[in-house]
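Trainee: Heads up: the protein sequence lines correspond to chains A and B, in order. Note that the working numbering gives residue 121 to position 90 of the first sequence, counting from 1, and the numbers run on in steps of one. Note that the working numbering gives residue 943 to position 3 of the second sequence, counting from 1, and the numbers run on in steps of one.
Hints are computed from structural coordinates only; laboratory data are not their basis. The C-beta atom is built at its ideal place from N, Cα and C for all residues, glycine as well. Take the hints with a grain of salt, since some may be wrong.
[What the hints assert, rightly or not] Some chain B residues near chain A, calculated using beta-carbon distances under 10 Å:
no., residue
1, 1012
2, 1056
3, 1063
4, 1092
5, 1098
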Amino acid sequence: MLGDVLLITEKHQKAGEAIIEHILKKQKSKMMIAISGESGSGKTELAHVVAKGLRKHGIMAKLLHIDNYYRIHPLERTEWRKQNGIQNVVGPGEYDWETLNKNIKEFKAGTSSTGPCVDLVTEQIDQLTTDYSGIDMLIIDGLYAIKTADADVRVFIELTYHETKKAQVVRGKEPQNEYRMQVLEKEHQEVQALKPTANILIGMDYSVRFVK
Amino acid sequence: MLNDRITVTPKHEQAADVVLEFLADKMKPKFIITIGGEVGSGKSTLAYALAHKLKKQGVRSKIVDLDDFYKIPPLQRKEWRRANGIESVGPSEYDWGKIIHVINDFYENQKSLMPCVDLITDYVDEITTNFNDIDIIIINGLYATKIEQADLRIFIELTYDETKEAQIFGDKEEMTAFRKQILEREHEMVQGLKHGCDLFFDFDALVDKYHL
């Protein structure tokens, strides 16, 4: 994603350190870490902190933002959702899992890989080509990231949009209106359904809990 | 540039407003804005603030960061500079052939292939973008104002001495004696490009104000 604004704070750093410790314990080649949570819950910030921290341990981690993989173009998405009904279409089905899984395969194989990369300024979808030969780990973040098949570590941030509405406004990513609220509510239901599959839970206060 | 951390402050917003005002009667199709200045002076932040304001006016601009266009990739650059001496630091470190190529693609409304550094891995990815719907490119970088095709040249006056803190807290690079030497050399090279610029900003690192 190009032109994204991150608000990294102490809480992300602290939670990130605990996750890194866990990753180092379970370390294996071509490891995959997935981070799920609702819009504005701090997924990307946490992913950023973890990737940076791993680098200090000599581990090269690449971030993969699932928001790059929406099937409907950013400029057409609102219209498309309204036409098809928010209840019917908002959810994991909005993403191009085929391309995402192809890019994950390329990471595992250590080959060159091309995938979509949204520029938030131009609202165009660029194509990003990465050489995965030197990349040790993949950190996938997105609403439904922990749905990704064979993720080795599945992190779930428990903050819901009710608590982060404020953060959304600060970020100025999307206008707050009735439509947006309906989308957030549907996403909320879809994301929360994935919670039982997580093995690390990040609490409302960003405390880290490990679950079997 | 992937995974860059940008913090827009009121002074950047105000500066962007000044640029917009300046642009009002000068705009033409396929417009090029360059932003030059030293490391950490706020070039990419101004580019970002400006691009967002243009977007609100319905003008589509693409940010091009010349840090992506070094001939020697980030992981090898320090060693290369040591081997080639401090005199090797300067505009000739850029791959000008590639930069010109991107400018031509922009003028010709074509698809364009650009290098794109991932600031977490320090590897150089490749971005394919389509310039067809892009009205303005905002090129920022130490030596960006060297670009002859520019329609508007902006120079940020903050010197590396004043941004020391930004250096430390920006966590992009850690300060060593060699790094200081490089900053001093870049300072000379960048300040040499000041003449011929159209707009000058002096963001004080500590005071949240701008002056023309």
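Trainee: So, as I understand it, the hint says residue 1063 (chain B) touches chain A; can you test that by seeing if any CB pair is closer than 10 Å?
Mentor: 6 Å, holds
Trainee: Answer holds if the nearest beta-carbon of chain A is closer than 10 Å to that of residue 1092 (chain B); otherwise answer violated.
Mentor: Where the cut-off is 10 Å and the nearest Cβ of chain A is about 18 Å from residue 1092 (chain B), the hint is violated.
Trainee: Have a go at the residue 1012 (chain B) hint: is there a Cβ in chain A nearer than 10 Å to its own Cβ?
Mentor: With a closest approach of 17 Å, the residue 1012 (chain B) hint is violated.
Trainee: Is the shortest C-beta separation between residue 1098 (chain B) and chain A less than 10 Å?
Mentor: 21 Å, violated
Trainee: Is the hint on residue 1056 (chain B) kept, meaning its closest Cβ partner in chain A is under 10 Å away?
Mentor: 7 Å, holds
The earlier numbered hints that this structure contradicts are 1, 4, 5.
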